[in-house]
Amino acid sequence: MQVSWNWLSELVDLSSVAGPQALADLLTQRGLEVEEMKTQGVGLEKVVSAQILEKKQHPQADRLSLCSVSLGSGEPLDIVCGAQNMKAGDKVALAQVGANLPNGMKIAQGKIRGEVSNGMLCSESELGFAAQSEGIIILPPDTELGLPLAKIMGLNDTIFTLKLTANRGDCLSHYGLAREIASALRVKAKKPIAELVQFKGSPIEVSLNAGEGAPQFFGCYLEGVKVGPSPRWLVSKLEAVGSRSINNIVDATNFVMLELGHPTHAYDADRIEGKKIGVRIAQEGEKLPLLDKTEITLVGTELVIEDGSRAIGLAGVMGGGNSEVQDSTTRVFLECAEFAPGLVRRGKTRHQKQTDAAHRFERGIDPQNLPFVISRLAHLVVELAGGKIVGGASAQTRAAPAPRPIEVHASYFNSFLGTSLETAEIENVLLSLECQVEKSQPGKSLAEKAAESGAAAETLLLISPPSYRLDLNIREDLAEEVARSVGYDKIPSTVPQLTTAPTASATEPAVSRLILVDRAKDALVQLGLAESLNYSFTSAQWLAQFGMKSSLKVVNPLSVEHEHMVPSLLPGLVHNALDNWRHSFGSESLAIRLFELRPTFQFKPAASSDGAVAGTDGAVAVPAATGETETGVEEKWKLSFVMSGPRSSQALRAEQSEMDFYDLKAVVENLFANLGTKGIRFMPASASRTPENEILKLLHPGQSVEILAGNAVAGYFGMLHPGKARELKARAPLWIAELDWEVVSKMSRGATESRGFKPWAEFPPMERDFAMVVKNDVAADKITQVVLKAGKPLAKTAKIFDVYRGSQVPEGMTSVAVRVIFLDEGRSLQEVETDAASSQIISALQKELGAQLRT
Amino acid sequence: MIQKLDAIGGQALRDIAAATQLDVLENVRISVLGKKGALSEVLKGLGTVLPEERPKMGAAANEWKRQIEEALTIQKDKLESAALNIQLAQERIDISLPARLPHRGALHPVTQTTRKLLQIFSRLGFDPMTGPEIETEFLNFEAVNIPKDHPARDMQDTFFMGPGVVLRTHTSAVQMRALRSKKWPVRIVCPGAVYRSDHDATHSPMFHQIEGLWVDKNVKMSDLKGTLEFFAQEMFGSESRIRLRPSYFPFVEPGAEVDVSCFLCKSKPVDTCKVCKGTGWLEILGAGMVHPRLFEMAGYDPGEVSGFAFGMGVERIAMLLHHIPDLRRMFDGDSRFLTQF
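Sequence order for the protein chains is U and D.
Everything in the first sequence is counted per this note's numbering, starting at 1046 for the first residue and increasing by one.
Everything in the second sequence is counted per this note's numbering, starting at 388 for the first residue and increasing by one.
Treat the hints as calculated values from the structure; they're not laboratory data.
All figures in this text were calculated on a predicted structure; none of them were measured in a lab.
It is possible that part of the hints are untrue.
[Unchecked claim] Under the rule of at most 20 Å between Cα atoms (straight-line distance), these lysine to aspartate or glutamate pairs were calculated in the EDC-like manner: (1) U:K1236 to U:E1479; (2) U:K1535 to D:D410; (3) U:K1827 to U:D1869; (4) D:K569 to U:E1673; (5) D:K653 to D:D688; (6) U:K1774 to U:E1703; (7) D:K570 to D:D688; (8) U:K1398 to D:D536; (9) D:K503 to U:D1563; (10) U:K1535 to D:D646; (11) U:K1598 to D:D544.
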């Protein structure tokens, strides 16, 4: 809202305020934030009125004139001017040398095409009066010469832009704000005066048919008015605060709203049919033409103003186009009503009409003030447009609300705020805010009791806020009034006391969950991955690239890019990888190592019985709240990563190489080691339990893994399928993984779980290497399993340390070397024992795997 | 015999001094002190010497042996250190060549900032708590005193998922879940992603918040101030000050906007300060005393307890701390950005 200093000072004595900046600070400190402050006339300091004595053609330029200009005294000045709309004798606005105009232009003495110019004749746009303008300003002939333009135009105001919070509807006017300032300055605001209209004798009758939706309606009938332009004082007052002048009648309603905060409306009385006006709930499908030349179709929940035969306004939002005041109007009917804030808001939101009226009604107006407001308006209309008041009409569905006193102990304020204010100070604050304060001393018995215990008797305060403060209903509201009036800086700083021991939170599921999340993130950071954060929504089209469909979508997304809730984190991370490639340059391969650990979103089928419809065939489901806390949505956390590029961040060429499957596998294994995840097994895609899984389908069939944790599928990792990579224009092989965080965390070590220290062997181990040739399809882990089983109980570990395929071995065969460690924790091993175990291993390898042992 | 000893000894010392290789030196040692060495040979003839002269002879021989051994040790050290010096010279490398650098990972600045905040508040006794990102409209709005058809809803442009279901616009819903599931005292901080329908350099449709809630008997507004002062000093340095301005959030009463003094330009604000833009203050928090309506909604007796709550945007704090000019960088997945923190 824009507020004028000059207007405010008509309504409250501002002489004790140091100036506009001090006022802005005062308001901000009281919770009425001043966002911007504009002083009129800034940049016009060296612009004065002047008269053109002589106008000649510029000898060098057709479009320029040479003017000799007088300031009334002193030598005339030569000015070069490019405008065409002036003639000798005209009075104009002259920017003198040294002027620094509002549009940023600096005026210096100069030569234009060889002719000296000692200033500039200004247009409206150059002076900041208009965004665009043609020609220079021509001032009225009676303008005195040599005067500052700001003075001539009356530009001596400061305009504040306030960002008011939704609870302070009472400050949406100059008088409302003046009241607030008066409270701060401990003076009285000057309420405008108007003789009350008699609410009888109106030819148009008022009726209310919307119950609580419209509790009060005051009307006033005037005749003999003449619609025309508003006087200068009114136009400039409205324009100063950003309101455009329309005609004297409309301007009067706007003036009253800006002065008193109550929106009103003026109808052409002759266009109100059936001599009746009222308020009712709209009918579904009803059409209503509005002032802004649009026509809306009502849905049946809005409040409308009606006459004898049709809707003539969207109540509290905008008047109807079928009843508005026209140039020929001579009889007007004025409306000042109270509407339920929620209904006004509904109408405004439904039909997208952000009006000043709706803004005020949805925040609530002073329910006690309606007769005064309409009287003020009626007299103003007569003053501006002539005519006379014929009579008023009114209807009320309830009596004006009685004051609602709030009971508070005087000590409450200090104990709640932590302050040590005197009771008198608190009372003064409340009185300055126009609250009524009644003190009630405690009964005699209570006072005696208090005296016995040595405490002062408690004074009970009965506080009735003024009718316009709809936001003051409970004692906490009053505490805020006291706190902001004395200043929040008067509240001391204390530290809250722990009245119970802190919770042993490590065992709380929510906390241990966070601990595990942190542990996983730390592990991945140690492995050289950076954490990425993507939006929880993406486009259906992007998901389709990965064979995925969301089961949930945003009803009102910002765009299709932000519509579908993600069922997986991989599409986002792959997008990141492609973006990173896109803006990389140079010939080196780009390291991409990103992870994300966040929820993904699914429709929960279990909730579908309760009215919500589960999506079939990938159709998006619409979750509906079931009860107060259930949404029918399941949030499944996933841990995903994408990797590509060189093994190390930096190394000489000879030592550098591109990462491959086993680097990805290392990250996965390291992560599980860090989390203490139990029961992990890696299955080749060919042995997958979930061959139809969309992530598995995204992977290279020969370089991918399904992770099992116990009996559950814990995720997948591998190379992004080369076909998909080509389709996405991936610049290098991309290694991807997605883990089901719920499964992983269930199988991982808890926050307080013991690591179970294991001592190491005291006796020396023995080692033996076995070299063999096996068929290509014999998996390495099969070999180690056979070795460990056959070498029981002495063979403790078996490690593959060399693998070879090529000309030295037959086609279709692989040479594999295994190192086995033999150990007995209790004693030194004998050579013969190791030999015996070795022969068992060899025969098992031959028998079970058809291995040919090499010596 | 003495002459013979002197001759052998003198020759040995000269040979030792002349040796420039360790193997030559070793040969000298063997030829003099070895089993069949010159000195040993002479000592073998000790038996032929007169008994009264033997001690003198023996002493002379031992003296030579000592001198020779000492000379050998000195010369050996000298030769070994010379050899080591040659080796060291040969092994000199260019230490300015690039390191063999492993990849450096990093936590997202949002995660880093969240962790720091949780740590600060945990010192005062707050426990972390989380909740779902898709919430009921009831918990997100009604239960925290933002009724339907109320203009306060304009403060938070909301994404709807379905009837009565929204993407949460703040983490306040978690506080309400906590109040409904626990008995007081309640001391929690709730971190998490929140969503609002807004997108430009300073607004993101998804961002992160941390909200704190402290509910107990006799909680005062001064406790809120002390808590936030502690937070500001832990987060931005011990000289930090806070300033509360009255404001309005439907879930608190009284409500406040909280500014923290600029940690970069400190007490003398300069217009060019890239953190506070010359105002000297950073708008960081919203806070206030828990509205009694929330206690009623949670089944508490508002006469029995009071509490304070506060909330802040995690990205905003991270951006201030690291001078990040554009919020959108946080969600780009750009390695150039993510590996800087």
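Verification of the hints:
{"no.": "1", "hint": "U:K1236 to U:E1479", "verdict": "holds, 13 Å"}
{"no.": "2", "hint": "U:K1535 to D:D410", "verdict": "violated, 91 Å"}
{"no.": "3", "hint": "U:K1827 to U:D1869", "verdict": "violated, 24 Å"}
{"no.": "4", "hint": "D:K569 to U:E1673", "verdict": "holds, 17 Å"}
{"no.": "5", "hint": "D:K653 to D:D688", "verdict": "violated, 43 Å"}
{"no.": "6", "hint": "U:K1774 to U:E1703", "verdict": "holds, 19 Å"}
{"no.": "7", "hint": "D:K570 to D:D688", "verdict": "holds, 11 Å"}
{"no.": "8", "hint": "U:K1398 to D:D536", "verdict": "holds, 15 Å"}
{"no.": "9", "hint": "D:K503 to U:D1563", "verdict": "holds, 12 Å"}
{"no.": "10", "hint": "U:K1535 to D:D646", "verdict": "holds, 16 Å"}
{"no.": "11", "hint": "U:K1598 to D:D544", "verdict": "holds, 17 Å"}
Of the hints listed earlier, those the structure fails to meet are numbers 2, 3 and 5, in rising order.
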